[in-house]
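Number of protein chains: 2
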Amino acid sequence: MEPTKIILNESEMPRRWYNIIADLEHPPLPVLHPGTREPIGPDDLAPIFPMGLIEQEVAQDRYIDIPEEILEAYRIWRPTPLVRAKRLEEALETTAKIYYKNEGVSPTGSHKPNTAVAQAYYNAKEGVKRLTTETGAGQWGSALSFACNVFDLDCKVYMVRVSYEQKPYRKIMMESWGADVVSSPSMHTGAGRMVLGMDPHTSGSLGIAISEAVEDAVSNDETKYSLGSVLNHVLLHQTIIGLEAKQQMEIAGDYPDVVIGCVGGGSNFGGMALPFLQDKLNGKNLRAVAAEPTACPTLTKGAFAYDFGDTARLTPLLPMFTLGHTFVPPAIHAGGLRYHGGSPLLCDLVRKKLIDCRAYQQTEVFDAALVFAKTEGILPAPESSHAIRAAIDEAREATFQGEERTILFCLSGHGHFDLSAYDAFLKGKLEDHEFPEDALEKALENLKEVSN
Amino acid sequence: MEPTKIILNESEMPRRWYNIIADLEHPPLPVLHPGTREPIGPDDLAPIFPMGLIEQEVAQDRYIDIPEEILEAYRIWRPTPLVRAKRLEEALETTAKIYYKNEGVSPTGSHKPNTAVAQAYYNAKEGVKRLTTETGAGQWGSALSFACNVFDLDCKVYMVRVSYEQKPYRKIMMESWGADVVSSPSMHTGAGRMVLGMDPHTSGSLGIAISEAVEDAVSNDETKYSLGSVLNHVLLHQTIIGLEAKQQMEIAGDYPDVVIGCVGGGSNFGGMALPFLQDKLNGKNLRAVAAEPTACPTLTKGAFAYDFGDTARLTPLLPMFTLGHTFVPPAIHAGGLRYHGGSPLLCDLVRKKLIDCRAYQQTEVFDAALVFAKTEGILPAPESSHAIRAAIDEAREATFQGEERTILFCLSGHGHFDLSAYDAFLKGKLEDHEFPEDALEKALENLKEVSN
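Protein chains in written order, with my numbering: chain A, 1 to 452; chain B, 1 to 452.
Hints were generated in silico from the structure; no laboratory data involved.
Some clues are possibly wrong.
Put simply, identical chains are the same to the list, so a pair is met inside one copy or across any two.
Stated by the list, open to error - Derived lysine-lysine pairs resembling BS3-like cross-links, with alpha carbons at most 25 Å apart: (1) Lys5 x Lys246; (2) Lys427 x Lys280; (3) Lys125 x Lys86; (4) Lys374 x Lys129; (5) Lys97 x Lys284; (6) Lys284 x Lys442; (7) Lys284 x Lys352; (8) Lys125 x Lys374; (9) Lys125 x Lys97.
Keep in mind the model is a prediction, meaning the values are calculated, not measured.
Can you build the whole structure from these sequences, using the hints too?
This is the structure:
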């Protein structure tokens, strides 16, 4: 009998990350300094990141060795299982084969610790004592709290006020690992005090929380800032997902025709897809599908332009598909996918036609989540359910075409902290969202302003 | 480098459960019919259980084959990892070696599906279409909902009202797998209507919920009842935990000096310890330690007597340590350990001095939980944290004695749905509880009544 799960031994875990930039004929456009409009260099990033990560941000090497200390931390939960979703296949009566990589088995329940652990390590190695970050729904904040605990760093998390109040469980999880979690905007920073001064009842935003975390890092000794997606070094760390999956598919005696991941900032999709895209660059026939929400359709409806990564215009200018840095997506339950832009590296690959992009409505995504929960047993996170939706659609299409098709998707996390969303869905209260017709126009207005 | 986790392949998963009764010189006392005070027979149980499970309840065979359909369902999450807790060992600076078996990786987050899946299978096989059960905090209800979904049975869960209102996430999880969950007492049963008639504002109790589930099963066609602990067949199914652990300890080249589990009804402790106790019966030097809460110290302070398994006196008379079937334990966060009695099989082994019993206060248990979360990364369930407390104490004692000691405990589940308890602990609001001096006297009064 074929096994349901393909498990690697710890000794088989990849010992290097993969950097696709080494395999690109033309590199992505550079990130620009908003003042000079010159490409930013290591010195510009040094106040907020340690040199070990800055080097990775601009690295040209194809493979980068994973330090032993990080491998040891990975072993707490890695390698993660690759699962043949036979029960799902049977329920769909499909001619396709479906595999998924389960990143939900990490201590925080998602793929985020893959980079959190690496970032905490490089900071600790350079003598940093404390990290700051922002978190919305809490997945990233949980991962960094966990990682800081592993490498004995203090951790301060600025948690968007509305989440802080509505999702107390994520906050308690972070505190259990020893993090200091405050509601953002807070009185701890100038940016926070300013916003609170103007509107004491603000619900906060990721943009404001980023401002607070960066200000805190810049103005405190031995403190740096940490970001959970978008940047090259973050995607680099996440390639452990795809590298493991490639080994596991080989053990299964199979290779995917299509690789699927959900996209917010891009770290989960990139982590899964980049190692397979290396094969595509080398001539392999493979499709990579990025699944995003219709409520925040960055890749499918955004404009490609230089834009700020945050609302408060503190970041460098990033070359990316964007809905404009002032765009506030509707409050869909896939909070991790509510980002106006995307990883410049992935956006570059989208422009180079290496990635297909699709957008899904919230209800069709939860439909897929329930099918998955009832067949494979796992309650998936709303974010991951976008990938499930895409995988089911691929399987149905394959069945319709009478094709054998091998589908691989990344289950980025479980939904244990998202059950109120399931409740809303089961009660028929979940809303779909169209991207407002005039939103992109507004965004382009803002982008013009940026360009001038 | 030694691996952190010892993982079995699916093909190495045990194919039989272990029945310790075959190895006991003297069998446990029989369960009695409360009317006749004669040992109950299969016919007495037939209205509520399928014959496949009744046969296992009274089985004398040493091993019982696990049907292929159950093995296939187990493969959704089994075999579970055995982890060498090196980070915990380092933090404790101990001379001991600590291993734990992680049952929290199941879809519902605990060991409960090991028996839920088996019970659903035997019911489905005999043509039963619908199962009823009760649940308090929700671990068992979740497991049976999941299992009924796997074997295409309808599932009705009577959830104690106070939990139904305070722990909505567990309810939503059950509903996501298709179960019908109602607040107990409900208007769906005579027992429920009677209780509501007397006190419409009752908070409900496990005793009432059992009455409703049993009444529903008895009075509906093609419907049976399912219980998540206490009974022999439940412990039998759970022995897969210890059987796997024995294989994994062998791979690690080690054997435990002490095996630890938390005890409520006894299914988790029994599942882990019984296969090791077989070795003890065969002369092996081994201690088995059962960890329970001081708030409900059944094994450490209860009287051994025939008592009812439920408050409403619907069950047969069970020979067990008991605090009396009217005892209502304080509302500690380890809801799964709030049971007035215990598995007759385990209680028999306690009397035969094969098991040591210890009781722990809530705060010392959460102290241990935090140490575990900060070292091993996993937030444990409050129930499981009793076992962690005992394991840490064993390690400290070994260090004090200068002994190498090999400690193995069962991590019965994760604490993702128990974060409000962590919050209370972190805020210093968690209360300790002593067993009231007069409680046992009251209990004995009730027991006298039972005996007459």
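Right, here's what the structure says about each hint:
Proximity of Lys5 to Lys246 under the C-alpha cut-off of 25 Å is found in both arrangements, the shortest distances being 14 Å within a copy and 22 Å between copies. In this assembly of identical chains, Lys427 and Lys280 lie within 25 Å of each other by CA distance neither inside one copy nor across copies; the values are 43 Å within and 53 Å between. When the C-alpha separation of Lys125 and Lys86 is checked against a cutoff of 25 Å, the pair qualifies only between copies, where the shortest distance is 22 Å, while the shortest distance within a copy is 44 Å. In this assembly of identical chains, Lys374 and Lys129 lie within 25 Å of each other by CA distance solely across copies; the values are 18 Å between and 45 Å within a copy.
For a Cα distance limit of 25 Å, the shortest separation of Lys97 from Lys284 inside one copy, 19 Å, qualifies, whereas the shortest one across copies, 48 Å, does not. Taking the closest pair of Cα atoms, Lys284 and Lys442 never come within 25 Å of each other, the shortest separation being 40 Å inside a single copy and 76 Å across copies. With identical chains, the CA atoms of Lys284 and Lys352 are at most 25 Å apart within one copy only, with a shortest distance of 16 Å there and 66 Å across copies. Taking CA atoms no more than 25 Å apart as the test, Lys125 paired with Lys374 passes between copies only; the shortest distance there is 20 Å, against 45 Å inside one copy.
Neither within a single protomer nor between protomers do Lys125 and Lys97 lie at most 25 Å apart by alpha-carbon distance, with minima of 44 Å and 29 Å respectively.
Checked against the numbered hints given earlier, the structure breaks hints 2, 6, 9 and satisfies all the rest.
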